[in-house]
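Note that the protein sequences, when read in sequence, are chains A and B.
1 is the number of the first residue of the first sequence in the numbering used here; add one for each residue after it.
1 is the number of the first residue of the second sequence in the numbering used here; add one for each residue after it.
If you're looking for bench data, these hints aren't it; they were derived computationally from the structure.
Be careful, since some hints might not be right.
[Said to hold, decoys possible] Straight-line Cα separation of at most 25 Å, SDA-like style, residue types lysine to any residue; simulated pairs:
(1) B:K183 x B:S71
(2) A:K139 x B:K61
(3) B:K61 x A:E148
(4) A:K97 x A:E154
(5) B:K39 x A:K97
(6) A:K18 x B:S71
(7) B:K144 x B:T227
(8) A:K167 x B:C20
(9) A:K167 x B:S9
(10) B:K212 x B:T227
Keep in mind the model is a prediction, meaning the values are calculated, not measured.
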Amino acid sequence: MKKVSKYSNEATLVASLKARDNEAITYLYDNYSNALFGVIDRIIQSEDISNDVLQDAFVKIWKNIDSYTNEKGSLFTWMLNICRNTAIDETRSKQYKKQLQNQNIEDSVNSVNRVEKVEIKVDHIGLKEVVAKLKPDQKLLIDKIYFEGYTQEEASKELSIPLGTVKTRIRAAILHLREVLNYE
Amino acid sequence: MSNKAYIESGMLESYALGMCSADEATEVEGMCNTHSEIKVELLDTQEAINAYALTQSKAPKAETREKILTSILLQTQISQDEKAKIIPLYNNRLAVAASFILLSLSLLGNIFFYQKWKSANGEILALNSEKQQLADNMNANQVKYELMQRDMSIITNPDVVKVMMKGLEKSPESLAMIYWNTKSKEVFIELKSLPSLDVGKQYQLWAIVDGKPVDAGMIALNTNGDTTLHKMKEFETAQAFAITIEKEGGSPTPTSEAMVVLGGVIL
Chain A
1 MKKVSKYSNE ATLVASLKAR DNEAITYLYD NYSNALFGVI DRIIQSEDIS NDVLQDAFVK
61 IWKNIDSYTN EKGSLFTWML NICRNTAIDE TRSKQYKKQL QNQNIEDSVN SVNRVEKVEI
121 KVDHIGLKEV VAKLKPDQKL LIDKIYFEGY TQEEASKELS IPLGTVKTRI RAAILHLREV
181 LNYE
Chain B
1 MSNKAYIESG MLESYALGMC SADEATEVEG MCNTHSEIKV ELLDTQEAIN AYALTQSKAP
61 KAETREKILT SILLQTQISQ DEKAKIIPLY NNRLAVAASF ILLSLSLLGN IFFYQKWKSA
121 NGEILALNSE KQQLADNMNA NQVKYELMQR DMSIITNPDV VKVMMKGLEK SPESLAMIYW
181 NTKSKEVFIE LKSLPSLDVG KQYQLWAIVD GKPVDAGMIA LNTNGDTTLH KMKEFETAQA
241 FAITIEKEGG SPTPTSEAMV VLGGVIL
């Protein structure tokens, strides 16, 4: 039977991280790196750069752990936001745009394998069905905002939705997501 | 605004998706702190988004784990070292080496600037002495010029009688001039050419007044090359002037066989 780590209590994990406990950082990596890397790679779309960005994000998490409080949400939420922001910032850098051009051909060869890998993971977690239950236009809206860092104005333009209804659409999409999650 | 209305405004979703401005984020956090219902709603929203994010879950490269953990371990070490305020200097070889390098650089800098300062100082001293030299020269020229002007005004004065004292057979090349202002009675001598004297000897000027030689003053020693006028004793009348070689300090009566030059006054 798998031994239950003392770090599975989030408060203990956070306190240990703030105390610069190396074991806690290892635990953090082993338990969260896949989830965090998935978001980064979804945004970056280039494996080499994504691995670098994951490193940057982990260093940021470690450096800023003192500023984390559970008032703004869970540790996972906080870490996801750091990863997401780091990755979106990266996509806006000139370096990234240049690198991506060079890697386009190579990546397209590997893309089939990558998709398979993701699906295995998603199946395991049992979320694939959940996402499948989102309407395509809702999914697109959330993807644009969450994975591509669109502002409401940009989303409104890109998806041809009036600016005033962007917020309500988003809310509807997330409500739908919550509904199906609860149902699961 | 009621909790329900706030929840339905879509603000919580915006916050959870990271679309809020800084002001809006502060507002949401404030609302969550004061309204537990809103806080629960936000947590549920975040969880839904987290679940959505999890659908992307994917393993990074195997070597990334080592890279990240090592890099964080290293940074922990560095930051702990920084926190340890008291670091024994002898334990910190890098710091010692760095301070030696800095000290050496500083010393080299000092030497360099000292040399520069020294050479600049030398230059200033040289320029100063040159300037002094020029000033001295100018002063000397000024003095000479003023003397020449004075001499010129003496010579060109219409009341002045010029007497040329020519060399006698003992030294025919000798020559001296007397400028005698008959009104002010002043007598000036200009030594054109007189032979150099033995030690202990000195030239003495005489005025011949009514046939008798009267002492007109000693001529200063070391007048070689001196072209300026020298003031002698004053005379109201004189028929001639003469110079004799006497013992240093002069004689009450002239030694006539030692007479060098003589010139009569032509009024």
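Here is how each hint holds up against the structure:
For a cut-off of 25 Å, the pair hint linking K183 (chain B) to S71 (chain B) is broken: about 113 Å separates their Cα positions. Restraint check: the Cα-Cα separation between K139 (chain A) and K61 (chain B) comes to about 28 Å, which exceeds 25 Å; the hinted pair is violated. Between K61 (chain B) and E148 (chain A) the alpha-carbon distance is near 23 Å, which keeps this suggested pair within the 25 Å criterion. Taking the CA atoms of K97 (chain A) and E154 (chain A), the gap is about 20 Å. The hint holds against a cut of 25 Å.
For a cut-off of 25 Å, the pair hint linking K39 (chain B) to K97 (chain A) is broken: about 39 Å separates their Cα positions. For the hint linking K18 (chain A) to S71 (chain B), the alpha-carbon distance of about 17 Å falls within 25 Å, and the restraint holds. At roughly 10 Å between alpha-carbon atoms, K144 (chain B) and T227 (chain B) fall within 25 Å of each other, so this suggested pair holds. A distance of roughly 11 Å separates the Cα atoms of K167 (chain A) and C20 (chain B); the hinted pair therefore holds under the 25 Å criterion.
Under the criterion of a C-alpha separation no larger than 25 Å, the hint pairing K167 (chain A) with S9 (chain B) is consistent with the structure, at around 8 Å. Between K212 (chain B) and T227 (chain B) the alpha-carbon distance is near 29 Å, which puts this suggested pair outside the 25 Å criterion.
Checked against the numbered hints above, the structure violates hints 1, 2, 5, 10; every other hint is satisfied.
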